[in-house]
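Q: Sequences are here, hints too, so could you generate the full structure?
Chains A and B supply the protein sequences, listed in that same order.
Take 827 as the starting number for the first sequence in the numbering used here and just add one per residue.
Take 273 as the starting number for the second sequence in the numbering used here and just add one per residue.
Worth flagging that the hints you see were computed from the coordinates, not collected in a lab.
This structure is a prediction, so every number in the text was calculated from the model and none was measured.
Backbone N, C-alpha and C define an ideal beta-carbon position, used for all residues, glycine too.
Mixed in with the good hints, there may be bad ones.
[Said to hold, decoys possible] Here are a few chain A residues that sit away from chain B, every Cβ distance over 12 Å (derived from the structure):
no., residue
1, Leu844
2, Gly990
3, His1039
4, Ala1072
5, Gly1116
[Unchecked claim] Here chain B is said to cover these stretches of chain A; the calculated rule only asks that three of the stretch's residues, wherever they fall, bring their Cβ under 8 Å from a Cβ of chain B:
no., stretch
6, 829-836
7, 861-867
8, 871-884
9, 928-937
10, 1013-1023
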Amino acid sequence: MRPAPFDYRAPDTLDEALAVLGDAADDVSVLAGGQSLVPMLNMRIARPDLVLDLGRIAELTGVERRNGVLRIGAMTRQRAVETDPTVRAQLPLLPAALRHVAHLAIRTRGTIGGSLVHADPSAELPAAVAALEGRVELRAAAGARVLALEDFLLGPLMTARAPGELLAAVEIPVPAPGTGWGFAEVASTHGAFALAGAAAVLRLDRPGGVVEHVRLTLLGVAGTPVTPDWVAPALAGRPPAEEALAEVGARLRDTLEPRDDAQVSAAYRRRAAVELAVRVLRDAARRAEGQAP
Amino acid sequence: MRIALTVNGRAVQADVEARRHLADVLREDLGLRGTHLGCEHGVCGACTVLVDGEPARSCLLLAVQADGCAITTVEGLAADGRLHPLQEAFREHHALQCGFCTPGFLLTADHLLRERPDLDDEAEIREALAGNLCRCTGYHNIVDAVRDAAARMREEAVGG
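A: Here it is, written out as structure tokens:
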């Protein structure tokens, strides 16, 4: 399989890339790590006139901490995020989720920004970033705007990115000390697309105390990651005991509406998501208590 | 476009169309046919090569993206007429039958053992090899071979 012919540009700076994008009258595909785009080119599902490769733009890579926020350049490779010491120390949920993103040979090329822009509903990164209340910075020739990830992801493979915009960075607020986390998914085999998955962060008001902050995000159960807004009020002020977590599970069972697909039934997906949600809340609570690494 | 690569330690240049992936350039322009193409959409792992020391699918990398990179293919594993310890172990453990998937497994395992020379746990080896598919021998012998090669490489490191 060979891609259809296309023009190719690989500018060295973001400004140049934005100028190319602004001038392009034709159908442009933006190439980040290529682990989703190149298969589509190979199979000729995508036949762009122009491929704009961001791989030479150094300013789009790297991790830096600024005012309590980790800013990760959109072109930072997934493997680099997974192994970054600052990320591992401040946002351990991210490497835990990344371990499930395909295989190492994909993560060495795939980028954090590429995964978010691709917006696959069964992808791990969008769910993990949503659980962490991440934001995306979009740049255009005319200026920049910042969107919460939930406002950026509109549906399966659909985002709020305008034609002249590029995703420049992901910003994730560093959780307060003592915040626990959990991540789990089911897939047919390690590295395969998740059938369902869950990510959670949870903080107590004091050791052995009650829930002060909690956020649960599910993947694979709808067109975008699902972060139910009722979970925090349902658990706030209560100890994270099994009974409380089971109530969350029961309400999820009643409200989630996944679809049947070629792999599994909606009923299976719902059961898996409920079980995984309870599991990650439990894991996050244990870590908040300091009972798990 | 003119690109420059270092392939198995040798500097090479090639004129490539932007739409061609690295696997085709390795095989067709450079004559390195040890890199095999299976699925051509990143699932099977047969075309795995090392790009600047890290494994990558050469079917999901346009050759122009690799401009300036150092590439290692299966042809680069043996040195001075001696098989790499992984190649020796694959042969002894009957870790290949038709051999189509073998180059991808070898390069994935080579990177794995350089990152984790202490590796001995079967579950960890299986997770690390999960991105490479084999359709004839199955995985038991491949896992055994990687584990054995890790032990041999540790011995050699101590001995050397």
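Q: Against each hint, give a clear statement of whether it holds in the structure.
A: Hint-by-hint comparison with the structure:
no., hint, result
1, Leu844, "20 Å, holds"
2, Gly990, "23 Å, holds"
3, His1039, "32 Å, holds"
4, Ala1072, "30 Å, holds"
5, Gly1116, "26 Å, holds"
6, 829-836, "holds (count 7)"
7, 861-867, "holds (count 4)"
8, 871-884, "holds (count 3)"
9, 928-937, "holds (count 7)"
10, 1013-1023, "holds (count 3)"
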